[in-house]
Amino acid sequence: MKKYVSLSGLVVLLLSVMLLAPSCTEEIPEASKGEALVYQLWDAFRNQDLEAIKNNMAPGFQSVHDFGAYNMDEELELLRGIAIADYEISNMKITSNDEDLIIATYFVSVSETIEGERLSKEPAPRMTIFVKDDGVWKWIAHANLKSMKAEAPEEAEEAGEEQ
1 MKKYVSLSGL
11 VVLLLSVMLL
21 APSCTEEIPE
31 ASKGEALVYQ
41 LWDAFRNQDL
51 EAIKNNMAPG
61 FQSVHDFGAY
71 NMDEELELLR
81 GIAIADYEIS
91 NMKITSNDED
101 LIIATYFVSV
111 SETIEGERLS
121 KEPAPRMTIF
131 VKDDGVWKWI
141 AHANLKSMKA
151 EAPEEAEEAG
161 EEQ
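Just so we're aligned, residue 1 is where the sequence shown starts under my numbering, counting upward by one.
To be clear, the hints were calculated from the coordinates, so they are not data collected in a lab. All values reported here derive from a predicted model rather than from experimental measurement. Just to be clear, a hint being listed does not mean it is correct.
[To be verified] No farther apart than 27 Å at their CA atoms in a straight line, the calculated lysine-lysine pairs in the DSSO-like style are these:
id : residue 1 : residue 2
1  : Lys33     : Lys132
2  : Lys54     : Lys132
3  : Lys54     : Lys138
4  : Lys132    : Lys93
5  : Lys93     : Lys138
6  : Lys54     : Lys146
7  : Lys54     : Lys33
8  : Lys33     : Lys138
9  : Lys93     : Lys54
10 : Lys146    : Lys93
11 : Lys33     : Lys93
12 : Lys33     : Lys146
Based on the sequences and whatever the hints tell you, model everything.
Here's what the structure looks like:
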């Protein structure tokens, strides 16, 4: 008798979990999708996968850096000359209009060289915006608020030791 009670209890528990659990076909929440898109983009930066970056950029793309605003072609040229080591993202905030726009703000700590200058690894704020274009999320805008001042010589030596 105990076996039947335990078995029926297990069946009820499994059915409850199956009915209450989110469906595998449900859409990913925009916050999770936004985080995934940001990490996908930064992995492409690190791996110098310019083809993937270009394929994921929306028409009308624009970025801003402390040295000026760039269109898609200018940003790709800039990225071609950037060397990025490992990165760490923190304080990410995602907002969305729940339809076709995801805005991600975050801090990133990264060893990077831009235009021949080794920059500080101190965390710096970024904003990355994605728009849904024909059902596919595309990178439409980016703000890099990191100063272009080169890192101090002792930081450069430490960064060289870490790599």
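Each hint, compared with the structure:
For the hint pairing Lys33 with Lys132, the CA-to-CA distance comes to about 12 Å; that is within 27 Å, so the pair holds. About 15 Å separates the Cα atoms of Lys54 and Lys132, which keeps this hinted pair within 27 Å; it holds. Between Lys54 and Lys138 the CA atoms are separated by roughly 10 Å; this keeps the pair inside 27 Å, and the hint holds. Straight-line distance between C-alpha atoms of Lys132 and Lys93 comes to about 19 Å, which keeps the hinted pair within the 27 Å bound.
As the CA atoms of Lys93 and Lys138 are separated by approximately 18 Å, the hinted pair is consistent with the 27 Å bound. The hinted pair formed by Lys54 and Lys146 meets the criterion: a straight-line CA distance of about 22 Å does not exceed 27 Å. A C-alpha spacing of about 19 Å is found between Lys54 and Lys33, which places the hinted pair at or below 27 Å, so the restraint holds. As the CA atoms of Lys33 and Lys138 are separated by approximately 12 Å, the hinted pair is consistent with the 27 Å bound.
Restraint check for Lys93 and Lys54: the C-alpha separation of about 25 Å stays at or below 27 Å, so the hint holds. Distance check on the hinted pair: Lys146 and Lys93 sit about 18 Å apart at the alpha-carbon level, within 27 Å; holds. With a C-alpha separation of about 12 Å, the suggested pairing of Lys33 with Lys93 holds against the 27 Å cut-off. Under the criterion of a C-alpha separation no larger than 27 Å, the hint pairing Lys33 with Lys146 is consistent with the structure, at around 25 Å.
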